[in-house]
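**Q** Spelled out from the first residue to the last, the chains are:
Protein chains: 2
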Amino acid sequence: MKNKYVIGVDLGGTNIKCGIVTEDGEIVKKVSVKTLAKKGPETVIEQMKKGIKHLLENETKKIKGIGVGAPGIVKPKKGSVENPPNLPGWGKVHLGNILEQEFNYPVFLENDANAAAIGEMIFGAGKEIRSFIFVTLGTGVGGGIIHRKKLIRGDSGAAGEIGHVSIDYKGRKCNCGSRGCIEAYIGNAHLVDRAKRSLRYHPESKLHRIIAENNGYLSPRLINEAAKQKDGFALNFIRESGKLLGYALASTINVLDIPTIIIGGGTAGFGKPLFDSVKEGAVDRVLKSLKPKVNILPAQLKNDAGIKGASALVFYNLKKKSK
Amino acid sequence: MKNKYVIGVDLGGTNIKCGIVTEDGEIVKKVSVKTLAKKGPETVIEQMKKGIKHLLENETKKIKGIGVGAPGIVKPKKGSVENPPNLPGWGKVHLGNILEQEFNYPVFLENDANAAAIGEMIFGAGKEIRSFIFVTLGTGVGGGIIHRKKLIRGDSGAAGEIGHVSIDYKGRKCNCGSRGCIEAYIGNAHLVDRAKRSLRYHPESKLHRIIAENNGYLSPRLINEAAKQKDGFALNFIRESGKLLGYALASTINVLDIPTIIIGGGTAGFGKPLFDSVKEGAVDRVLKSLKPKVNILPAQLKNDAGIKGASALVFYNLKKKSK
Numbered sequence: 001m002k003n004k005y006v007i008g009v010d011l012g013g014t015n016i017k018c019g020i021v022t023e024d025g026e027i028v029k030k031v032s033v034k035t036l037a038k039k040g041p042e043t044v045i046e047q048m049k050k051g052i053k054h055l056l057e058n059e060t061k062k063i064k065g066i067g068v069g070a071p072g073i074v075k076p077k078k079g080s081v082e083n084p085p086n087l088p089g090w091g092k093v094h095l096g097n098i099l100e101q102e103f104n105y106p107v108f109l110e111n112d113a114n115a116a117a118i119g120e121m122i123f124g125a126g127k128e129i130r131s132f133i134f135v136t137l138g139t140g141v142g143g144g145i146i147h148r149k150k151l152i153r154g155d156s157g158a159a160g161e162i163g164h165v166s167i168d169y170k171g172r173k174c175n176c177g178s179r180g181c182i183e184a185y186i187g188n189a190h191l192v193d194r195a196k197r198s199l200r201y202h203p204e205s206k207l208h209r210i211i212a213e214n215n216g217y218l219s220p221r222l223i224n225e226a227a228k229q230k231d232g233f234a235l236n237f238i239r240e241s242g243k244l245l246g247y248a249l250a251s252t253i254n255v256l257d258i259p260t261i262i263i264g265g266g267t268a269g270f271g272k273p274l275f276d277s278v279k280e281g282a283v284d285r286v287l288k289s290l291k292p293k294v295n296i297l298p299a300q301l302k303n304d305a306g307i308k309g310a311s312a313l314v315f316y317n318l319k320k321k322s323k
Numbered sequence: 001m002k003n004k005y006v007i008g009v010d011l012g013g014t015n016i017k018c019g020i021v022t023e024d025g026e027i028v029k030k031v032s033v034k035t036l037a038k039k040g041p042e043t044v045i046e047q048m049k050k051g052i053k054h055l056l057e058n059e060t061k062k063i064k065g066i067g068v069g070a071p072g073i074v075k076p077k078k079g080s081v082e083n084p085p086n087l088p089g090w091g092k093v094h095l096g097n098i099l100e101q102e103f104n105y106p107v108f109l110e111n112d113a114n115a116a117a118i119g120e121m122i123f124g125a126g127k128e129i130r131s132f133i134f135v136t137l138g139t140g141v142g143g144g145i146i147h148r149k150k151l152i153r154g155d156s157g158a159a160g161e162i163g164h165v166s167i168d169y170k171g172r173k174c175n176c177g178s179r180g181c182i183e184a185y186i187g188n189a190h191l192v193d194r195a196k197r198s199l200r201y202h203p204e205s206k207l208h209r210i211i212a213e214n215n216g217y218l219s220p221r222l223i224n225e226a227a228k229q230k231d232g233f234a235l236n237f238i239r240e241s242g243k244l245l246g247y248a249l250a251s252t253i254n255v256l257d258i259p260t261i262i263i264g265g266g267t268a269g270f271g272k273p274l275f276d277s278v279k280e281g282a283v284d285r286v287l288k289s290l291k292p293k294v295n296i297l298p299a300q301l302k303n304d305a306g307i308k309g310a311s312a313l314v315f316y317n318l319k320k321k322s323k
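Same order as they appear, the protein sequences are chains A and B. Per the working numbering, residue 1 is the first one in the first sequence, and the count goes up by one each step. Per the working numbering, residue 1 is the first one in the second sequence, and the count goes up by one each step.
Hints are computed from structural coordinates only; laboratory data are not their basis. Source: prediction; values computed, not measured.
Given that identical chains are not distinguished, each listed pair holds provided it fits within a single copy or across any two copies.
Mimicking BS3-like on lysine-lysine, the simulated pairs with C-alpha atoms at most 30 Å apart in a straight line are:
no. : residue 1 : residue 2
1   : Lys293    : Lys77
2   : Lys92     : Lys291
3   : Lys64     : Lys53
4   : Lys75     : Lys291
5   : Lys319    : Lys75
6   : Lys30     : Lys75
7   : Lys50     : Lys39
8   : Lys196    : Lys170
9   : Lys279    : Lys75
10  : Lys62     : Lys127
11  : Lys196    : Lys279
12  : Lys127    : Lys4
13  : Lys127    : Lys321
14  : Lys150    : Lys61
15  : Lys293    : Lys92
16  : Lys150    : Lys291
17  : Lys288    : Lys127
18  : Lys170    : Lys230
19  : Lys288    : Lys39
20  : Lys77     : Lys291
21  : Lys38     : Lys291
22  : Lys302    : Lys49
23  : Lys150    : Lys62
24  : Lys78     : Lys293
25  : Lys291    : Lys78
26  : Lys173    : Lys243
Kindly generate the complete structure, drawing on both the sequences and the hints.
**A** And the structure:
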């Protein structure tokens, strides 16, 4: 039994997903429980304990620790989670202490996007890469920065907010209150809004029919379907969106001198047209010395990326300690 | 004799400035020699040796090492300087080895903007601050990132290029080839260009007379003079420029979760109107949790910042090693 085992917990707004994960990033056992977020932190914590207990039932493997990826501001040293969005009533919860007392394993917490970045470093596309910027495209645009095999955490653990790099100070209004944030162009709702606005000038697009068939509903997935059916509008729209992301990344690459980007999340499903245009946009805008180095890679942790990223926190932190 | 002494060398395009510096950042002896950049790297290196030898003449203090701040891409571990702008014919020069062999002291090299950031951390405005972004405003807009008391170097030591954060992907053309880089708004030449363009709509500004008196010449210093004479246009122009810098910094602050900014360089001489508006712009655009934390400070190393920054490299690296 050469393998080391850890537990990864992905605390989401709807479900808490827990798994026992090997040091190769393989999930050997998995359980999902409802978050019951509306019932407040005590219930959510009970649910989390329930999930972990379920995993440990009849389990003979030696577990090295528990990693938790949580939304909001996470302070790993204090083991606290503050005001996670989608989890009402939390304020500040010392989740680390609570779980350590319950299970008597070392517990490592991290913001979920940062956990995903560490997951890519330990198990995924970043395994052989010293420094990279991880970007996740979904409802929001988030990320994490790995610099010389270490997570850049910033002052309070909130570093990596790639979604709030602005590409236009007079641009689209973002939910955060600023203007021109790349999230205000390619976050799911904004992506759909932009597509719908442009569609007015493209009566030829298949998307009109697709929207009609879906009772007026449009999603990134449906745009992708149209693109796969070679709809010119949908393809151009994906390419244009990729370029804008490339522009935002160019600023980030210039500041950090980190030209490798790993992109995950639902919208990464746009695939090659997206990745090619992100690269085109970034290469067009980065400093000359960086142009040949720009490298845009798809994330490798797809299903259960949350559990794997959370579990990677244990391997990452135990490795740091053993040094 | 409680003090430790090191040598700092500021390799500029026109002059090489060398000094013996105490661990309090005081320069006890100083010499400046011509760079003679046009004569190529061998001559420049001879000049550098000449300057250092001059410092060491009749010197009884024990010197702990030599720090060099150089333009271009500097690889501290290899001790090499690559293609420094303003120093023709360099290609790649192993400056570290050359100086170590000549003087038999440990030599530490760093890009000049990064050296200045380390200078502020060791001797200046960043002494008590764990993480900050250093920005220098002059011909170009450069910088360096200090994260938890360490310099973020990026992949090849070029991190900190704050000047090439874009605020508008359709904006002003930058020397780097991109668009909307903040340097294309507030780098000296761009600042003057923008002021001249706006002046057409402001016949009331005192700057018209000042420009006429200077034979058509305008500079940031002259704009500052007008502002100090309460010229409304000049003041507004400085405020507008500061706001734009604040917008560029907001993207950087969001990505790094580092809300403390230290600003140096000639244009920082605009003083309070600039600093206030940088803060206003940044606070307006950063994420909500960061708004109360934004802190914009003037750099403390002014005269001989180059020598002091270079000398700080020795203290910084020896401290790291002794840990």
